[in-house]
Amino acid sequence: MTSAVSFQKVSRHFGSVRAVDTVDLDIVPGEFFAMLGPSGSGKTTCLRLIAGFEQPTAGSISIFGERAEGVPPYRRNVNTVFQDYALFPHLDVLDNVAYGLMVKGVGKPERRKAAEEALSLVRLPGYGARRPGQLSGGQRQRVALARALVNQPKVLLLDEPLGALDLKLRENMQEELKSLQKALGITFVFVTHDQGEALSMADRVAVFNDGKIMQVGTPEDIYQRPRTRFVADFVGSSNVLPPDFVQRYSGQHRWGSLRPESIRVGRAAKGDGVAARLVSANYLGATTRLALDADGLRLHAIVPAGSKLPREGEAVTLTFNREHLHLMDETA
Amino acid sequence: MRSDRGQSAPPGLKIAAAGGLLFLHLPILLIFVYAFTTEEKSFVWPPPGLTTQWFAVTWNRPDVWEALSLSVRVAAISTAVAMVLGTLCAAAVSRTRFFGRETISLLVILPIALPGIITGIALRSAFSLAEIPFSFWTIVLGHATFCVVVVYNNAVARFRRTSGSMIEASMDLGADGFQTFRHVVLPNIATALLAGGMLAFALSFDEVIVTTFTAGQQQTLPIWMLEELIRPRQRPVTNVVAMVVVLVTLLPILAAYYLTRDGDQIAGSGK
Chain A
1 MTSAVSFQKV SRHFGSVRAV DTVDLDIVPG EFFAMLGPSG SGKTTCLRLI
51 AGFEQPTAGS ISIFGERAEG VPPYRRNVNT VFQDYALFPH LDVLDNVAYG
101 LMVKGVGKPE RRKAAEEALS LVRLPGYGAR RPGQLSGGQR QRVALARALV
151 NQPKVLLLDE PLGALDLKLR ENMQEELKSL QKALGITFVF VTHDQGEALS
201 MADRVAVFND GKIMQVGTPE DIYQRPRTRF VADFVGSSNV LPPDFVQRYS
251 GQHRWGSLRP ESIRVGRAAK GDGVAARLVS ANYLGATTRL ALDADGLRLH
301 AIVPAGSKLP REGEAVTLTF NREHLHLMDE TA
Chain B
1 MRSDRGQSAP PGLKIAAAGG LLFLHLPILL IFVYAFTTEE KSFVWPPPGL
51 TTQWFAVTWN RPDVWEALSL SVRVAAISTA VAMVLGTLCA AAVSRTRFFG
101 RETISLLVIL PIALPGIITG IALRSAFSLA EIPFSFWTIV LGHATFCVVV
151 VYNNAVARFR RTSGSMIEAS MDLGADGFQT FRHVVLPNIA TALLAGGMLA
201 FALSFDEVIV TTFTAGQQQT LPIWMLEELI RPRQRPVTNV VAMVVVLVTL
251 LPILAAYYLT RDGDQIAGSG K
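Residue numbers (full-length UniProt numbering), protein chains in the order written: chain A, 1 to 332; chain B, 1 to 271.
Hints should not be assumed to be uniformly reliable.
[What the hints assert, rightly or not] To give a feel for the contact side, a few chain A residues facing chain B, derived at Cβ under 7 angstroms: (1) P73; (2) Y74; (3) N79; (4) F82; (5) D84; (6) H90; (7) Y99; (8) V103; (9) K108.
In short, the hints are calculated from the structure, not lab data. We put the beta carbon where it would ideally sit given N, CA and C, even for glycine.
Make a model of the complete structure from these sequences and hints.
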């Protein structure tokens with residue numbers, strides 16, 4: 001099957017900065033694909049390479065089997081929802097949504113009808129006559145979505161589209177985007193720095209760092225089986241364990257990752273387990289996050305709220321199921 | 001700051017404000033009055049008599065028409081040149097980063113910061129060095145130097161306020177460069193261009209200093225007026241012309257004011 005988007009050894013350099021560094025990537029048609037990484041990791045540049053706002057310094061990009069290098073943004077069947085929405089302030093909402101059809105020469109009654117339908121799709125029917133300035137942030141976001149979808153793109157690119165929304169609205173939009181993507185069957189490529197957002201929405205996640213892809217996989221893969229220290233730390237703040245420590249429990253001299261929720265905190269005892277001291281406890285609502293010091297190694301544990309907690313500074317013993325200790329690729 | 005609505009300003013302030021306004025506008029009224037005087041050799045107050053004969057005299061003087069037409073043509077063409085160059089320059093400076101960007105920005109603004117007499121002398125010596133004869137086009141060139149600045153300043157301010165991703169959004173939605181300019185860039189900078197253009201036209205229309213250095217035998221309207229003041233006869237003709245100029249320029253300026261006032265709301269509504 002042809003990939004929706006395929007990168008072969010793609011690089012994009014800005015002067016001496018390697019924003020994207022020999023990236024290979026295959027996005028399956030119809031999937032919800034997230035690009036996750038800290039700012040400056042190259043995820044947005046990758047998105048702009050797909051949109052056509054950037055051209056690769058080296059390598060080749062194809063979109064549904066067609067070579068994309070040198071093809072300007074306006075000749076790609078790809079649409080973008082921008083981080084700041086980039087709605088046209090001088091046009092009303094309906095004309096904003098119909099813009100793509102207007103420049104393609106679609107007749108006025110036809111494009112107005114298509115725009116009305118797109119507005120219903122994002123649950124903003126009847127908002128056509130308003131100006132973008134009269135809408136709330138969440139509504140502008142929907143208009144931007146409708147404006148992209150009305151063109152029936154093969155790939156929809158979303159550049160941190162939920163970044164400017166408040167928490168409640170963001171959670172609603174996550175669900176809505178997910179069900180919209182399922183209903184339309186369009187390939188969504190979503191850029192975010194929020195690991196929770198990537199894990200909850202995407203079918204597959206690519207974790208970026210320093211212009212390179214660290215790991216691609218399902219959210220479960222990424223979360224449970226990180227391949228590198230960076231992925232373990234960035235996705236869900238796992239405990240990254242040095243090889244010497246890991247060797248004691250697994251016999252292999254490799255870096256390991258242990259989820260904070262996999263650690264059980266008990267009273268100080270002889271025998272199995274790691275001797276540690278409680279440094280601090282942070283109440284998070286449903287859970288409490290404990291910072292622990294195990295002979296100079298800083299560990300975090302998450303325990304359900306309401307558990308009986310040791311006092312700060314008290315000695316404790318940490319135990320965990322050996323299966324939960326995940327060995328990573330890195331040995332040094 | 002607190003605004004005390006409903007509370008009247010102290011009388012001293014009112015008198016000062018009225019005095020300031022009178023000082024600004026009374027001389028203009030005086031010019032209007034002298035347009036109707038019967039005394040043609042000098043301006044005496046009060047006018048010995050009132051007449052409307054000077055309107056007919058002005059209408060029949062070919063030199064008035066020549067000067068007026070030259071001024072209008074020079075202003076129109078300088079403004080047109082300035083609108084194209086100023087917009088292009090503003091777009092380049094605000095859209096892209098390149099080596100020497102700040103320097104170019106400064107060089108573009110410089111002509112309006114320099115005294116007109118420097119610009120005039122510089123252009124005059126440059127023209128004679130290149131052996132370009134003084135003509136209509138040398139006046140246009142001279143005026144364009146400061147008209148560009150006005151348009152540039154207006155356009156650059158508007159470009160800064162419009163989001164850069166709007167152009168990308170337009171391209172993303174299938175519009176090529178020309179369509180993007182026509183449907184997105186132009187509507188967003190139109191009112192700024194209109195305001196810049198009006199100002200450029202007005203600046204060019206009453207420019208004296210640069211014109212005296214770059215004109216040959218031609219007389220633009222302001223230069224014609226200066227010459228006319230030295231002549232002993234038919235003085236009120238100057239006042240008639242001044243009066244007409246005031247009335248004719250006031251209308252478009254008022255129009256531009258109302259146009260940009262509404263336009264700013266449109267352009268700013270996305271912010």
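Each hint, compared with the structure:
no.	hint	result
1	P73	holds (4 angstroms)
2	Y74	holds (5 angstroms)
3	N79	holds (6 angstroms)
4	F82	holds (5 angstroms)
5	D84	holds (6 angstroms)
6	H90	holds (4 angstroms)
7	Y99	holds (5 angstroms)
8	V103	holds (4 angstroms)
9	K108	violated (14 angstroms)
The structure is inconsistent with hint 9 alone, although it conforms to all the rest.
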